[in-house]
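Spelled out, the chains give:
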Amino acid sequence: MAEAASLLTKEQWVARLHAWAVERWGQARADAIRPDIEATARALVQVAEYPLEMEHVPGFLGKGV
Amino acid sequence: MAEPYELTASESARRIRQRELSPVVLVESLLHRIDRLEPQVQAWVTIDRAGALATARQLEEEVQRGSTRGPLHGVPIGVKDIYYTAGLKTTGGSRIYTDFVPSYDATAVARLKQAGAIILGKTVTTEFATADPGPTRNPWNLAHTPGGSSSGSAAGVAARMIPAALGSQTGGSIQRPAAYCGVFGLKPTHGRVSAYGVFPVSWCLDHIGPLARSVADIALVLQVLAGHDPRDPASSHAPVPDYVQAVQRADRPPRVGLVRQFFLERADPELRQHTEGVAHRLAQAGASVEEIKLPDSFRAVLSAHRVIMQVEAAAVHAQLFRTHADLYRPRLRATIETGSLIPGVYYLQAQQIQRLVQQDMAGLFQHVEYLLMPAAPGPAPRDLTTTGDPSFNSPSSFVGFPSLTIPSGLNAAGLPLAVQLMGPAFAEDRLLAAARWCEATLDVTLMPPIDG
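Protein chains in written order, with my numbering: chain G, 1124 to 1188; chain B, 7 to 458.
Be aware that one or more of the hints could be misleading.
[Stated by the list, open to error] Selected chain G positions facing chain B (in silico; Cβ < 10 Å):
#, residue
1, Leu-1130
2, Ala-1138
3, Arg-1139
4, Trp-1143
5, Trp-1148
6, Gln-1150
7, Ala-1166
8, Val-1168
9, Gln-1169
10, Glu-1172
11, Tyr-1173
[Claimed, not checked] Covered stretches of chain B (chain G as the covering partner; in silico rule of three or more C-beta atoms under 8 Å from a C-beta of chain G):
#, region
12, 308 to 314
13, 351 to 357
[Claimed, not checked] Partial chain B-side listing against chain G, Cβ under 7 Å, derived:
#, residue
14, Ala-340
15, Glu-343
16, Thr-344
17, Leu-347
It is worth saying that the hints were derived from the structure and are not from the lab.
Idealized CB from N, CA, C, for every residue including glycine.
With these hints in hand, go ahead and build the complete structure from the sequences.
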């Protein structure tokens, strides 16, 4: 799913996240958090499209600088 | 002669050590100040009158015998209400923890107490240090937000209710309220100060730090807080320099990179002009000021920060949310619900981006010593339903580098404006020395026009 999802546009992300929200939290909550879903969709597009290379790996989770 | 409540932490500590000031008198002066202003400012969740006075009496006896516990002996400190305080209510700004009394102190609180500080009380936080505002108002203008999430700490320090306070920052929660309220606020390097015993928002982004009214006070409190804590897995083993001495010896003009890109481009026009003016004044006084360009990777900072913060906040709150969803306020509830939907691969990619930006931003410090930019996009908004825009502080939270809000003047409406100085990881000693030089050069003292 991740490979296909990485090609999603912002609108496709909104639709997908909203559908997942309906499934997880119900229609009313999914509609209530729509502004958050839209902002998150914008962020996901940018993160997904960022040109990461194989060597750019995190150190380990929770470690700072 | 200044009233005791007007004294900085450093000056209070000095007078107490020299037996020129009684800790009891200082606490009583601050409590009286709080009694006068609290109905308007609403900076406090809990004021520990009896406990603070009892501790002050004990500390006074000790100092009269010639004994002091540490550098903060007798100095009252405010603690944001997301830090565990043994025997003292800790609500986290949440309706779920209304009556929660921890059995132990957060490491930061324990270190303050060991250094002789008096915990005067708990300051207002937004709900779990996120974005739903608490009742606190900006002492410069009660119709304006104080910022958040360290709302009560910033407003209380600005209003002279307390000389210094603890805050925490995941996006802009120390630096932004400090800017809005006209006080100094340090977000140290990630891992420099233990987060053990502090309600988390996002493990990879959470920072613990002080707010105060001078660079010397920031150094004094940081000196006590900094250092490895085995109970915090993100806590660093990096040696702790002498911050207080570094500030006392500050005499060298810094080499500063002014960041117009993103920061000045997005700043309110008055603040943009103000920041250019600050840079000009620093240059005239001998600082080297040159414009510096951000790395290309910076463009992904806010998006990657959002993804990490949402996913980690959803994970932090997962269990509690299952049983108490209806008690969460709207913004945090939406953050948890949306964060729960983000696929794991994008969370990890966001962390990869975090590493990349850290490396790229670290490279900037080969050209300049510090970065200079506005500490917030504008003055405190006239809106009590928001805590303002954290986008000028999220970058320092994201890369984990230390950044200090420096109050630098007032706008035409009489609201504080501030710049921020960011330095490389674990260089708080040099950053604070440079900030002290800037503080002396700018010579700005801000006192809100409020009285009870």
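Status of the hints after comparison with the structure:
1. Below 10 Å, beta-carbon pairs count as interface contacts, and Leu-1130 of chain G has none with chain B, the closest being about 13 Å; its hint is therefore violated.
2. Because the smallest distance between the Cβ of Ala-1138 of chain G and any Cβ of chain B comes to about 12 Å, over 10 Å, the interface hint for this residue is violated.
3. A distance limit of 10 Å between C-beta atoms decides the matter here; for Arg-1139 of chain G the minimum to chain B is near 9 Å, and the interface restraint holds.
4. Look at Trp-1143 of chain G: its Cβ gets to within about 5 Å of chain B, closer than 10 Å, so that hint holds up.
5. Interface restraint check: Trp-1148 of chain G against chain B, minimum CB-CB distance 5 Å, threshold 10 Å, status holds.
6. At a threshold of 10 Å, the smallest CB-CB gap from Gln-1150 of chain G to chain B is about 13 Å, leaving the interface hint violated.
7. Interface hint status for Ala-1166 of chain G: upheld, as the beta-carbon distance to the closest one in chain B is roughly 4 Å, under 10 Å.
8. Contact between Val-1168 of chain G and chain B, as hinted, is supported at the beta carbon level, the nearest pair being about 8 Å apart and thus within 10 Å.
9. Proximity of Gln-1169 of chain G to chain B holds as hinted, the smallest CB-CB distance being about 4 Å (cut-off 10 Å).
10. A hinted interface residue such as Glu-1172 of chain G counts as satisfied when its beta carbon comes closer than 10 Å to some beta carbon of chain B; here the least separation is about 9 Å, so the hint holds.
11. Interface restraint check for Tyr-1173 of chain G: the shortest CB-CB distance to chain B comes to about 5 Å, inside 10 Å, so the restraint holds.
12. Counting residues of the region 308 to 314 of chain B whose C-beta sits closer than 8 Å to any C-beta of chain G gives 5, which meets the bar of three, so the coverage hint holds.
13. With 6 residues bearing a CB less than 8 Å from a CB of chain G, the region 351 to 357 of chain B meets the requirement of three and the coverage assertion stands.
14. Using the Cβ-Cβ criterion of 7 Å, the hint placing Ala-340 of chain B at the interface with chain G is satisfied: the shortest such distance is roughly 4 Å.
15. A distance limit of 7 Å between C-beta atoms decides the matter here; for Glu-343 of chain B the minimum to chain G is near 5 Å, and the interface restraint holds.
16. Hint on Thr-344 of chain B holds. Least Cβ distance to chain G is approximately 4 Å, under the 7 Å limit.
17. A cut of 7 Å between beta carbons decides the hint on Leu-347 of chain B: the least distance to chain G is about 5 Å, and the hint holds.
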